[in-house]
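S.K.: Go ahead and model the full structure; you've got the sequences and the hints to work with.
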Amino acid sequence: MQDPHEAVYRTAPPAQPTQRLDRNIRAVLKQREEDERSKTAQEKISQHITNFAGSLNFVFLHVLAFGAWIVVNLGFVPGVPIFDPTFAMLAMIASVEAIFVTTFVLISQNRMARDDARRADLNLQISLLAEQEATRLLALVSTIAEHLDVKTGADATIDELATEITPEQVLHRLDEREAAPRK
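For what it's worth, numbering that gives the first Met the number 0 labels the leading residue of the sequence shown as 0, then goes sequentially.
Think about it this way: if two alpha-carbon atoms lie no more than 20 Å apart in a straight line, the pair counts; the simulated EDC-like pairs of lysine to aspartate or glutamate are: (1) K43 with E33; (2) K43 with D115; (3) K43 with E32; (4) K29 with D115; (5) K38 with D114; (6) K43 with D114; (7) K29 with D114; (8) K38 with D115; (9) K29 with D120.
These aren't lab readings, by the way, just hints derived from the structure by calculation.
Note that this is a predicted model, so its numbers are computed, not measured.
M.R.: The structure is reproduced here in structure tokens:
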């Protein structure tokens, strides 16, 4: 069965970008550029190392290097002397490399966690602004409906919904709930 509104969906012109959308995209890109410029040399080096360690080139390089090391030290290459018969040196090199790669990955994860916290703060701020706007709109519509003597099924909950709730109230309530013993 075909949706009766499908023709409307199909024939509606695509939405054009608005100035506000363009402004928001420019602001996001500008912020990214500023964040990139504000990175220290250490952060940039760490990021390059982490990016390389997380690439297939890193894997291929290790397959070649470790493979060659193993092939040579198993005596499969005539004329090339065995220099690590127990593979102890290979194990030590791999272990030290793993320590450094892990450290660079952790540094990168710490940076990403800071970025995530900033984005979470931004999302919270946007949500709070949207909540305030919605509360004000609800209060305005409620006042208009009351003035026009319009009754709706939502009248019983309008007062509660139109009451502004501050972030501090939400955090306080969360703290109370988390501190309360669970049953």
